[in-house]
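Number of protein chains: 2
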Amino acid sequence: MRKGDAAIGVFDSGLGGLTVVREIAALLPAERVIYFGDTARIPYGTKSPDAVTRYALQATAFLSTFNLKLMVVACNTASSLALSAVSEAACVPVEGVIEPGCRAAASATKARKIGVIGTEGTIQSGAYAAGIHAIDPACEVHSAATPLFVPMVEEGRISGEVPRLVAEEYLAPLLDKGIDVLVLGCTHYPLLRGVLGEVAGPGVSLVDSAVTTAGRVRDVLAERNALAAAGRPGQHRFYVSDDPAKFAAVAGTFLGDAVGEADWVDIERY
Amino acid sequence: MRKGDAAIGVFDSGLGGLTVVREIAALLPAERVIYFGDTARIPYGTKSPDAVTRYALQATAFLSTFNLKLMVVACNTASSLALSAVSEAACVPVEGVIEPGCRAAASATKARKIGVIGTEGTIQSGAYAAGIHAIDPACEVHSAATPLFVPMVEEGRISGEVPRLVAEEYLAPLLDKGIDVLVLGCTHYPLLRGVLGEVAGPGVSLVDSAVTTAGRVRDVLAERNALAAAGRPGQHRFYVSDDPAKFAAVAGTFLGDAVGEADWVDIERY
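Heads up: the sequence lines are chains A and B, in that order.
Using my numbering, the first residue of the first sequence is number -9, and each one after it goes up by one.
Using my numbering, the first residue of the second sequence is number -9, and each one after it goes up by one.
There could be a bad hint or two in this list.
These stretches of chain B come out as covered by chain A in the derived footprint (C-beta under 8 Å, 3 or more residues) [to be verified]:
1) 24 to 37
2) 135 to 141
3) 144 to 153
What the hints contain is simulated information worked out from the structure, not anything from laboratory work.
Where is the CB? At the ideal position from N, CA and C, for every residue including glycine.
Given these sequences and hints, build the entire structure.
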């Protein structure tokens, strides 16, 4: 087996990380992805750093049963809180979604004032602020935890009066600071892009780290001479820790195209 | 040790079940409660019946390490989906929160039209409708899943425009049917009592099963001659599966009085 034949392991607290799979598939159609969504324990964003790290290490142990060449922590909360623990535990390079988001934001801002929204865990970790300041120490970073967005998206409530009101409340303090870039620091948030764009206004660019993460995956694989041979269509595999039937119903929203079935994993055994 | 000296085990997906502890403590101040809140895997309401049952059995196994005389499944979702599994696994009588809520609702309705709100898991189980129909087969039961209420309460967003709008949307179909009783089928919902009462209007009584569950606990213990000796103040103990520090911050909202510390349990080992 060639190095390039190995798969890319991707995990998330649930199905939001499928937005990252979608971008990887669009950019690198020959790559094969093994996806794990921890749907039995979602959300991670309101859980403690210890719990998130424990869960991320179980996901790593599970994904490590496959022949991988790279692992992507597609969950912003797990990327913020557990990336170093996962990197230590994994036998392959590990990429998170924070750093690509920081790079994209830092290069997009002209005002050097960046807004970041995410779960409580992501925002409290300070990972985005640290990542942006590592690139541009003078850049202002204004953050807000927006805990209602994930359950709103999961309910399918992505437009209308309630999301707009909630978005207005959450974004007002950031907009008051004059941000011109808003990082969507959670894989669910791109589904609220319409409302967020409307509330933030045309002067604010929205950064979705799924796109930039896919670019980073390409670069790392190219560097290591580990890209899949072109032409072969990637056959992805999906695993979840709760009922796979729900996966089929929801996955289309995130992944765009019809995706196959998912299999159940008893993740607590890892 | 007298039979009455044993404790009452109570578990919930998180801290909402503390409203049941509060009512037990108010009605039976000499009783000792051992509480387990599965904060590392909350919420249960959006998870599959299999996952909820697995979690409820782990909670049962953990609580069974104590000397109990009764177990209360304070979580509506777990009561709906896993009560018989828990009853089989436990060595003591088990009470859920559904049946007491059904009794209270059936005796409160004059129109014989009852509304029930709860999590997706609770509503899809049909447990409230079945319980009410067992008492009064001709009573109309109109149900609605209200998935945004738990995250709203957990964010502390219990009044204002957003909760009112969301409550209006969720309750409109039930109010249109002419209900005169609304069962708050989730331990978090009593914290939204203000908004729900306002939206439902004065013609609709709100039923909070925490109060009626405490009454049921008293009856069962009295029947079995297992009430604690009066006069001794009950010393409760609290356990959670995620960071205990968060417990202290939130528990007061539910339990009213200052509560002690909680200890961490590695629930996946049970």
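Results for each hint:
1. 24 to 37: holds (count 6)
2. 135 to 141: holds (count 4)
3. 144 to 153: holds (count 5)
Comparing the model with each earlier hint shows no violations; every hint is respected.
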